[in-house]
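**Q** Protein chains in written order, with our numbering: chain U, 1 to 328; chain V, 1 to 328.
I should point out that these hints are in silico values taken from the structure, not numbers from a laboratory.
Mixed in with the good hints, there may be bad ones.
Computed footprint of chain V on chain U, listed as stretches where at least three residues anywhere in the stretch have a Cβ under 8 Å from a Cβ of chain V [stated by the list, open to error]: (1) 17-29; (2) 94-103; (3) 135-146; (4) 275-282; (5) 311-325.
Incomplete in silico selection of chain V near chain U, CB under 7 Å [stated by the list, open to error]: (6) 97; (7) 98; (8) 132; (9) 137; (10) 262; (11) 267; (12) 270; (13) 276; (14) 315.
Values in this document were obtained by computation on a predicted structure and should not be read as measured data.
Where a beta carbon is used, it is the ideal one built from N, C-alpha and C, also for glycine.
Each chain is listed here by its residues.
There are 2 protein chains.
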Amino acid sequence: MSIRIGIYGYGNLGRGIECAIKQNSDMELVAVFTRRNPEAVKINTPTAKVFSVDQAKNMTDLIDVMILCGGSATDLPEQTPFIASMFNCVDSFDTHARIPEHFANVDDRAKNSGKVAIISCGWDPGMFSLNRLYASCVLPDGEDYTFWGKGVSQGHSDAIRRIDGVLDARQYTIPVCEALESVRNGEAPVLSTRQKHTRECFVVAAEGADLARIENEIKTMPNYFADYDTTVHFISKEELDRDHSGIPHGGFVIRSGRTGKNLENKHVIEYSLKLDSNPEFTASVITAYARAAYRMNKEGMCGCKTVFDVAPSYLSVKSGEEIRKSML
Amino acid sequence: MSIRIGIYGYGNLGRGIECAIKQNSDMELVAVFTRRNPEAVKINTPTAKVFSVDQAKNMTDLIDVMILCGGSATDLPEQTPFIASMFNCVDSFDTHARIPEHFANVDDRAKNSGKVAIISCGWDPGMFSLNRLYASCVLPDGEDYTFWGKGVSQGHSDAIRRIDGVLDARQYTIPVCEALESVRNGEAPVLSTRQKHTRECFVVAAEGADLARIENEIKTMPNYFADYDTTVHFISKEELDRDHSGIPHGGFVIRSGRTGKNLENKHVIEYSLKLDSNPEFTASVITAYARAAYRMNKEGMCGCKTVFDVAPSYLSVKSGEEIRKSML
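This is chain U alone, in the form it adopts within the complex (with noise of 0.2 Å):
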């Protein structure tokens, strides 16, 4: 019997999340959960409906897991403790201060339905976290790097956006190469944010619109830009369509450290992606972890969990006894 996934919040994660679940033979989308009109939403999955929220809590016993792709400043904090409190579940939360506190509010919640509850999955927090931890507990004597891009950042193409004569705009961070360089060859470099990154930006800007002063204002954005090099090109709205449509991003995690008697061996650990697709990527990596929601509940576990508590074999199709053999 396959695993009975439900999709809550349809955008582009849930649309990802919809494609996962084909390439995954022991799993099946069910229902897709909306608050817009039901009747509104096409689905590409002819063997699922399509439901309000509402209707959720009445399909307790028709869905397995069910995933969450809400945004993570409002919809999450709400609606992943109510969907733990009836539901097996995965979200993506990805604001990292307000972890512990999603956590506890979760964590309660799946304690009380006896249900498992993955939270902050995808890969930054998620594959890259994982990586983080594994690397700092084989070289506990070492520094950590984590570089993103070349990638489009929502948040800060959206910060541009907002500025006044500014009709679109496309904004990816790019990792500064002399850095990765630096910490590939174990040099261990101490580095301000300037170093790491910088930022490039597409804009197309309204007729008449004083170029210079959007420029300006791009630049010296507190948070956002200020503390970058940022270059900024002001391109039509036809080349943006053309060029920068897709929504590629990727990074790198970088462990250096020593070993030995006097900690004279050098040892660097790097995991990197390259994506073509952000969302579709997050939610390959949400739906390899719904299958071990389903699965570390059906041996009895509750509770909140996170990348870092999942054993990497409830991740596969495939027996322990395959895995052992095809991939150890």
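Fit chain V to the supplied structure of chain U, relying on the hints for placement.
**A** Chain V only, in chain U's frame:
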């Protein structure tokens, strides 16, 4: 209270474990067990003692985790089941074809004794295996590649030393750059053995030996060299000792895969290691898993485990709360 560690076998790996324990504040080396005369074995930890392997059975109350540092060919198939019948333990068994049999033998004993035995720990098998598993679960439609090197292969160096007229030798396994680049670009190439790695040999020949014959014997040696592009350099013993005395290694695990409605988006996941000392890094991984064995057993688990069965949080000296806060 510290986790009390025993080292069973004191060669390169055992000495690496001894160093690694000093880097983990929650661990303490209690005893080293040797098949040699204990009096003749000098260790670097004043607070630990050297015993004969026969004495291990009398020390089950004094050691929390025994780390097995023997070889995979003949030592570990005997030693790990024997030790697992008395102690939590970790080994680095790496004879791939015999892992299922070794797992079954160890599982049986560890279940009887109520101990946790983690086998096949290190970087390959070990960290590379983990990355093959995570990547294949996250990208079910894709291809896996493992490249080794640049690094010293002990087995290949030994094979050269057995040739008549060879006094000493060092062999490096080197990944082919073009193959690596093609894989990184997500081109999913089909690669022959020859297309993935080259082999470079540094050989010290006896005076008057027939160098052409030695070179030919190396290059045509079945299994070891015949399927590779191999280069042979004859050098002096002084040059070998000066330039090739280290034991560096490393490699790459790369998976490229596709997602999306029509699998139109490509993704590349890459994990790589660059190690100054192969045995010391292996030792560092094993030491982290010793902590996991201890903790899992404290929670009531027993039996044979691999890296696939260990939730990452068990590896860290930090609490769940701390790792969620600092690394998620």
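**Q** So which of the earlier hints does this model not fit?
**A** Hint check: 6, 7 and 10 fail, others pass.
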